[in-house]
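Residue numbers (my numbering), protein chains in the order written: chain A, 1 to 156; chain B, 1 to 368.
One or more hints might be untrue.
Listed next, with one range per pair, are the computed distances between beta-carbon atoms [to be verified]: (1) Pro97(B) to Arg36(A): 55 to 63 Å; (2) His85(B) to Arg101(A): 41 to 49 Å; (3) Arg36(A) to Ala75(B): 48 to 56 Å; (4) Arg101(A) to Ala119(B): 28 to 36 Å.
Some residues of chain B that are not near chain A, with every Cβ distance over 12 Å (derived) [to be verified]: (5) Ala69; (6) Ala80; (7) Arg246; (8) Thr272; (9) Asp301; (10) Leu328; (11) Ala356.
None of these hints come from the bench; they were simulated from the model.
Computed from a prediction, not measured in an experiment: that's the story for all the values here.
Using N, Cα and C, we set each Cβ at its ideal position, and we do this for glycine too.
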Amino acid sequence: MHWQQRPPNAQQHLTASHRSQGLCAQHGALEAHLRRALRTASPSVAQPSALQCLTALKLPATPGAPSTAPSRHKAGGGSPFVAALAEEVARLTAAAAEELRRLWEGVLRVVALLPATWRDLQKLRDVDLPYFSALCDQVGAGSRVAGGSVAGGVGG
Amino acid sequence: MEVLRVEWEARDALLDAPTSTSSAFFEPSTPLPDPSTLLFSPQPSPGERILGLDAFVRANVATCARLAAAHDHPAALAAAPPPEHYMRSAGGAVLQPHALEPLLLALSDTYQHIRELQAQRDSHSAPASDSPNPPPAPSHARAEQQRERGEAPPPPPLLARFRRKSTKFWFRPAHALRLKLALLPHLPVHTFRGRAALSFGCATAAPAPGGRDSALVSSVYFDDSALSAFQARLGRPDGAAIVRARWYDAPAPPGPPRLLFLERKLHREPWTGEASEKARVAVTQPALEAFLDGAPLAADDADARRFGAEVAAWLAAGAGGERRSALLRTRYRRTAFQAPEGGAAVRVSLDVELCAAREGVEGVKGWG
Numbered sequence: 001m002h003w004q005q006r007p008p009n010a011q012q013h014l015t016a017s018h019r020s021q022g023l024c025a026q027h028g029a030l031e032a033h034l035r036r037a038l039r040t041a042s043p044s045v046a047q048p049s050a051l052q053c054l055t056a057l058k059l060p061a062t063p064g065a066p067s068t069a070p071s072r073h074k075a076g077g078g079s080p081f082v083a084a085l086a087e088e089v090a091r092l093t094a095a096a097a098e099e100l101r102r103l104w105e106g107v108l109r110v111v112a113l114l115p116a117t118w119r120d121l122q123k124l125r126d127v128d129l130p131y132f133s134a135l136c137d138q139v140g141a142g143s144r145v146a147g148g149s150v151a152g153g154v155g156g
Numbered sequence: 001m002e003v004l005r006v007e008w009e010a011r012d013a014l015l016d017a018p019t020s021t022s023s024a025f026f027e028p029s030t031p032l033p034d035p036s037t038l039l040f041s042p043q044p045s046p047g048e049r050i051l052g053l054d055a056f057v058r059a060n061v062a063t064c065a066r067l068a069a070a071h072d073h074p075a076a077l078a079a080a081p082p083p084e085h086y087m088r089s090a091g092g093a094v095l096q097p098h099a100l101e102p103l104l105l106a107l108s109d110t111y112q113h114i115r116e117l118q119a120q121r122d123s124h125s126a127p128a129s130d131s132p133n134p135p136p137a138p139s140h141a142r143a144e145q146q147r148e149r150g151e152a153p154p155p156p157p158l159l160a161r162f163r164r165k166s167t168k169f170w171f172r173p174a175h176a177l178r179l180k181l182a183l184l185p186h187l188p189v190h191t192f193r194g195r196a197a198l199s200f201g202c203a204t205a206a207p208a209p210g211g212r213d214s215a216l217v218s219s220v221y222f223d224d225s226a227l228s229a230f231q232a233r234l235g236r237p238d239g240a241a242i243v244r245a246r247w248y249d250a251p252a253p254p255g256p257p258r259l260l261f262l263e264r265k266l267h268r269e270p271w272t273g274e275a276s277e278k279a280r281v282a283v284t285q286p287a288l289e290a291f292l293d294g295a296p297l298a299a300d301d302a303d304a305r306r307f308g309a310e311v312a313a314w315l316a317a318g319a320g321g322e323r324r325s326a327l328l329r330t331r332y333r334r335t336a337f338q339a340p341e342g343g344a345a346v347r348v349s350l351d352v353e354l355c356a357a358r359e360g361v362e363g364v365k366g367w368g
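Next up, chain B with everything else stripped away, as it sits in the complex (with noise of 0.2 Å):
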C-alpha cells in the first residue's frame, strides 16, 4: 500500500504527550468525496469544489486510462485497473499537474488574512482603532514588499537547536488534497521560498497567482557500513543520534554558494532528565565539503563551531572504528503549515513523492 507521511510538530511545553515521538494512520473521519454526491451540494465551499474538481478529474481520467487500455490491449488488460503510464498520459492530457496548489495558496492567504483581522480586532478595541499607527501589513506580504526593497532576509542564526514532540501519521495519496484542505483554516502553507501576495481590499481584479504549495527536501545521512546508527535510530538507545546534511528546492543557480544545514538529531530518554533536540548550522556548500573532509567547521560562532566538532567525533566513531560517510540520500516534496514570523508553536508538515536512494551509486552524489 502506498502511503505518504503527515508530521506534526509542536513545542513540549505545548503538549502533554508522554511521549516525544508516536506513530497512527490517518483516516478521514469522513468518507471521500464521490462526485455524484459532492458535487450536488447545495452550497458548497471553495474547498468542497476543489476536492470535487480533483474527485471529477481522478474519476474520469481512470475512465479513459481504463478504456484507452482495453482498446489497446483488449486481452491482457480488460479487468486489470489501467497501468501507470495510460494514468500519467491521461492526466497530462486534462488538468495541468498541480494545477490545484496555486489555487490552495490562495486559500491559505485568504484564511490568513482572516486571522490577522481577528488579531487586529483583538489587540485593537474600538477607541483604539482610531490610533494614527496604520497595523501591520499581513504576514504573507512582508516578505514580498522586503524583496521589493531590495531587501535581504535575514540571515539564519548560526546554530539552531529545536525541542519539539513530533507525532507521525501515515496517510494514503488521494488524501493529501482533502488532509491540506482540512489543515488550512488552522495553519498557513509556509512556503521555503517568496511568492507573490495577495493585496486584500483591492477593487482591481487580482491575476490568478501561480506558486506551489511543497518544496523539494533533499537530505544526505550518514552511517558506516554496518548500519550503526541506523539500528541505534531504530532501538532508539540513550544518546542515539543520526547526521543528516538537508537542503531545499531545486539546485541553486550560479552565484553565492548554496546553503546546507548540518543537522544532527539525538534522542535522549526521559529517566536522563534531559530533552532530546534537534541542532542544526548553516553551512555554505564549500564548508561543508570542507568539514565533511577532516576540516574544522568553519563558523564565526563558538558554539557552532563546538557542535561541529562533536559532530567530526560522532563521524569517527563509526562501528569498529570505521569512518562514517554520505550513505543514504532522501528526497521528498514537503508542504509545511506553520504560523508566519517563526514562532512556529505547532506545525504540520506533509511529506509526497518520497523517494530513497545509496549515495553514491548511479550518479547519486553532489548537493543538487
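The following block holds chain A by itself, in its conformation from the complex (with noise of 0.2 Å):
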C-alpha cells in the first residue's frame, strides 16, 4: 500500500479508547477475583505456593516462543487461590501482550505512512493533509507542515 493512501481503519485505530478502558476494566475485575479466592484460601505445606506459581508462569526469554514451564492450568496446583492466580495472570499477559502488539501496530503505520524524505511530502501538499496532520500529531511532533497545523506534544 503507498503511503498516501489511507489504511481503511487507520483512523479509527487513532482515536480509539476502548482497548485502554478495557484494560482498566480488567484491572478490577483481577484484584476481586483473586481477593474473593484468597477469603477462601486455607494454604498448606502439600500445596505450591503463590510464589511458586508466578515463578512458575515466568516467560519464556524469547517473545512467541514456547515456554519450557508448566503451563499455565496445571501451575493453578490444588489450591483454589494459587488456581485464581494463575487464570488471573494468564488473562493480564494475554491484555499486556495485546496492548503491546497494537502500540507496535499504530507505530510502525505511522513509520509506514510518514513520506521517506520532504520532496515526498511536498507531493501530498494537496491530498490529505489533515490526515497527515493528525500523524504527526500522534507521534508528537510540535510543527506545521506545508501548512496544517500540528500540535505537539506526548505523553509525559
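Assembling the complex is the task here: the two chains are given apart, and the hints tell you how they should meet.
Written as C-alpha cells, this is what we have:
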C-alpha cells in the first residue's frame, strides 16, 4: 500500500480508547477475583505456594517462543487461590501482550505512512494534509507541516 | 529513598549558568499516570498509551504480588508491601522485562525522522527541491547502511577533550519511562551499538525491531587508601582531578582487543580563567594494563602520550607517597539522548541500576 493511501481503519485506530478502557476494567476484576479466592484459601505445605505459581508462570525469554514452564493451567496446583492467581495472571499477560501488539501496530503504521523525504512530503500538499497532520500529532511532532497545523506533545 | 540519576550536559557556549555543575531533584510537573484516568483519555498518543500500559502492568503486578504474599504468609505480610522476590516473579510472568524499550527506540526514530524532514524542508525551498542530489539518508539509517557495506565505523580520536556544563538531577525509578517519553520529541536515543533502522515511507509492514535503549557503562576509579582523590572531588579545590578507566556494554567476544577509555576529569576554579575539562584517550585493554603496570602510554599521538604522562604522574602522587590504584568500580545502565553525527550540543543521559563495588574484593576485577 502506498503511503498516501489511507488505511481502512487508521483514523479509528488513532482515536479509539476502548482497548485501554478494557485494560482498566480488567484490573478491577482481577483484584476482586483474587480477593474472593484469597478469603477461601487454606494454604498448606502440601500445596504449591503462590510464589511457586508465579515463578512457574515466567514468560519465555524470546517472545512467541514456547514456554518451558509448566502450563498455566497446571501451575495452579490444588489451592483455589493459586489456581485463580494462575488464571488471572494469564489474562493479565494476554491483555498486556495485546496492548503492546497494538501499540507496535500503530507506531509501525505511522512509520510506513511518513514520507521518506521532504520531497515526498511536498507531493502530499494537496492530497491529505489533515490526515498527515493528525499522524504527526500522534507522534508528538511540534511543527507546522505545509500549512497543516500540528500541535506538539507526547504523553509525559 | 531509591533514586536514579539524570545528567544534562551542554556545551558551555550554549548555557549561561554561572556554575558548571549543579544538582537538583527531578519531579514531573504533573502527577504520574493513573490507569483509571489515563486509560480513559479520549485520544491517547503512543506515549500516553505506553505510560498507560506501564502503569497498568505495575498496578496489577503489585496486586498479584501483594495477594500472593498474603496467601503464603497471611500473618506476617498481610499489611506489608509485597516482598521484592514476589514482585520480580509476578513481573516476569506478565511482561518481558524491557519489553517497552524497542518501542521507545521506534518512537525515537520517528521523531528524529520528522526533525530531519523539517531540516530538509528548511534547507530545500520549493525550487531547490528539484535538485538532482538526493536528500541524505536519515542519520539513524546511515550507521546501518555503513554496516551493510562492511565499512567499519570511524575510529575514535586518540585524545579527546570535552568542555561541557552539566546539571545533574535525581529521579525516582517510577519516573524513568515518563522522563524518557518527555525527552524523545526533543532528542533521539543514542545507542552505543548499531541497530536495525526503520524504513520510513515503505509500504511493506516492517517487523517490530528489538533492541534496548540503554547500554552498560562500567568504570574503574583510581585512588589511594586515604581516598585523597575522592575527598578532593568533594571539596573541589582548583586542580582536583579524578582518573578512571571506562568501557561500554557487555564483555567483548574473542577477537580484537577491547577498546577502553582512560579518562581524567580536571576541575578548574573560575578565578583562574581556565575551564574544567574532561579528557580521554582510547586505548586497547593490553595497552591500558601495561600503562597501569608503569609503562608509558602506547599511543601514536604526541598529545595522547603527554596526557598519559600527566595521568601517570597523578597516579604516582597519592597521599603519603602511595601510588593510586584501581579502588572503586561502578556500573550502571545509561540511556543517552543526543543529536546524531557527533554534533551533540546538548546531551541528556539517564543512569539506572547504579551499582558500586570495591575493586579487587570478591572477584571484582578485570575489564569485563
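**Report entry** Non-conforming hints, listed in increasing numerical order
**Finding:** Going through the list in order, the structure violates hints 1, 2, 3 and 5 and respects the others.
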